[in-house]
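Start from the sequences, fold in the hints, and give me the full structure.
Chains D and W, in that order, give the protein sequences.
Quick note, the first sequence lines up with residues 1 to 400 if you use our numbering.
Quick note, the second sequence lines up with residues 1001 to 1238 if you use our numbering.
Hints in this document: simulated from the structure, not taken from any laboratory.
Treat the numbers as computed from the prediction; the structure is a model and nothing was measured.
Check before you lean on any hint, since a few could be wrong.
Stated by the list, open to error - Capping the alpha-carbon separation at 27 Å, the derived lysine-lysine pairs in BS3-like fashion look like this: (1) W:K1048 x D:K359; (2) D:K358 x W:K1125; (3) W:K1114 x D:K278; (4) W:K1125 x D:K168; (5) D:K276 x W:K1128; (6) D:K358 x W:K1190; (7) W:K1125 x D:K349; (8) W:K1048 x D:K269; (9) W:K1009 x D:K359; (10) D:K278 x W:K1104; (11) D:K269 x W:K1128; (12) D:K227 x D:K99; (13) W:K1162 x D:K358; (14) D:K359 x W:K1125; (15) D:K99 x W:K1128; (16) D:K276 x W:K1125; (17) D:K349 x W:K1015; (18) W:K1128 x D:K349; (19) D:K246 x D:K99; (20) W:K1128 x D:K359.
Stated by the list, open to error - Here are the computed distance ranges between Cβ atoms for each label pair: (21) W:K1015 x D:A329: 41 to 49 Å; (22) W:N1005 x D:K246: 44 to 52 Å; (23) D:S353 x W:E1101: 28 to 36 Å; (24) W:D1159 x D:V391: 53 to 61 Å; (25) W:N1068 x D:L110: 26 to 34 Å; (26) W:K1015 x D:S353: 20 to 28 Å; (27) W:K1128 x D:P355: 32 to 40 Å.
Stated by the list, open to error - From chain W, some residues computed to sit far from chain D (all C-beta separations above 10 Å): (28) S1010; (29) E1028; (30) R1202.
Glycine included, each C-beta is placed from N, C-alpha and C at the ideal position.
What follows is the residue order along each chain.
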Amino acid sequence: MIATIFLRKVMGMKGSSLFRSRLIRGWKFQYGVWKTVLDWTVMLYIAIPAVVISTMIYRSWWQETPSWIMDLPLFLLFFAFYVIAWSGNIHMYLEEADKVFLVTKNNLLLKLKTYGYSYSLFSQSLAVGSAFLILLPFLLNHYHLEFIGLFALLGYFISLSACLMLVKYYLRTYESRMKKIGMGFLLFVIFSWFSQLVYFLFETGHLLLVYLVSCVILAASVYFSMKALQKASSLDIGIDMEQERKTSMIKLVFAAAPEIEKPVVTRRKKPLLFRKSKRIFKYRTPVTGISELFIKVFIRNSSYISGYAALTNVTTAAIIVIPSLWIRAFLLVCFPIMINSWISIVWDKIFNSNPMTKKHIESSHYFTAKKRLTTIMTIIAVTLLFIFGTVGSVLLTHFQ
Amino acid sequence: MSLLNIEIKSAGYEKGDSIITDIAFRIEQGELVGLIGPNGAGKSTTIKAVLGLLEHMDGSVAFGSGGNYAYIPERPLFYDELTLWEHLDFVAAVEELNEEEYRKKADVLLDTYKLAHHAHEFPSKYSKGMQQKAMLILAMITDPYLYIIDEPFMGLDPDAMKLFLDSIEKERKRGAGILMSTHVLDTAEKICNRFIMISNGRIVAKGTLEEIRLQCRLPEGSLYDCYHFLAEGDGDER
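Okay, here's the thing in structure tokens:
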């Protein structure tokens, strides 16, 4: 029944309206993700101070060039743009059900993919443009670049982004993870050499050549991308990419708000740590058994471990950067409470998600293990905060 | 004393909206009881009520085995981050099993189910059939008195199916009681001692095949004929 409604709805649609509806749905999904993150992390604690501080810092960059940029060569910024150019991906806005309902509608699918590709290119160009805008005070006031040169660089990085989007699309077709990583690394090096050549052209004033190279790369990238999208096999890749993108968004939520739905964890068949199921605790008791399960799940799930690191890092950075002693003291007092409650939420999530463990959540062993582990992990986080905070503050004082 | 004694007046996910009504049955030692019914009849809800996973339940569920039961869900459920051996290790730790005996038993089970070479891999990456086998091993490692099994035959190849049937027969002979929800009626007819047929959230027939035939007035009928007879009068799926 649902399938019939879906089919009827989709068949009556044009490629553009199908793309539009999926794009809007995607925005709503992203909005939901951000809303959830900001709900939980308490806007006042991180988001608003971050926006205010960033705006103030950015404004100060226009008024006076900070001392730390003085010794940085322009090439380093060029490299930063190069790294940003690698961040794009081709999104085709495909869904799993398209395999069933749209697989014979080549025209509709191709239109959907074309719109998706154009939008991906546009948003990646916007990302590169934003990076330029952020670093514009330095590019203009410190490196004294002219607009014609700036546009040449901007054009090159947008074209390079289009090319790298295609490269990443093909990298995805490798089944072997090692092959994918190896090839990715090799291509990263090769394209960086090529970019160094472009940098050389730019520095020696051959701007026309830079413009020409950019035009050729852009045209070739768009042409070959469209050819790749026309292939029927792009349907599977597109669906995989879309699912991975959604998962990564969910991972983002989960890192900050673990009470939300659990993401897919890993593609590995065997664990990286504690291979051969090696035990952490030599003597096995119900308490060590429960603790071991928590530790292994926690360290093997990237969302948990990155959430733990992110909360510690953000607070460390805030303690180093924020000048007010009162706010620093407030953060130091709040942090152990916050990290402890976050670990407790992760704990509950882990043990409530499976009937195998749910059966034991009322035992005294469970509470003993929970108390022990949440306390130890809070102490580790606070210790890390102190170490990094002290090192960071010393370094900052040294360089000021 | 029965291994399981259920007397549910009504139960459901929301207050005032009961999915199952007047469900009462027992499971005795060494008995394999089939929970049969069409899609949406209330089989899974009954199992959830037995496991205490339903928010609203009016009635009682009593385990006669000191709560030593094992549940095998329809969709195998594992920790994505743990290997099969680590799952077994966890169960052994919380159930306080003897180290040596547990290891010996785990090795035998892993060998029997041909998962010994995959013990240090994540079961969430196994094929469906391997996952079912892993769930069964995890259930059997504690020697439970009662098994609650939801749709066990889905995704099993013929060899795995035979292995599964042999295993539950062995467990039944050991004295364990088994409540098994299934749609595979021809197999159920051969292996179950008794049946509980549910339709529209109520028990419509229960007993041995003979007793069910009598209730359906189909003296020569197969379990499928009885099922069809009882399900025919029903409305849409719920």
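> Against the structure shown, which of the earlier numbered hints fail to hold, in ascending order?
Replying inline: 6, 8, 13, 25, 27
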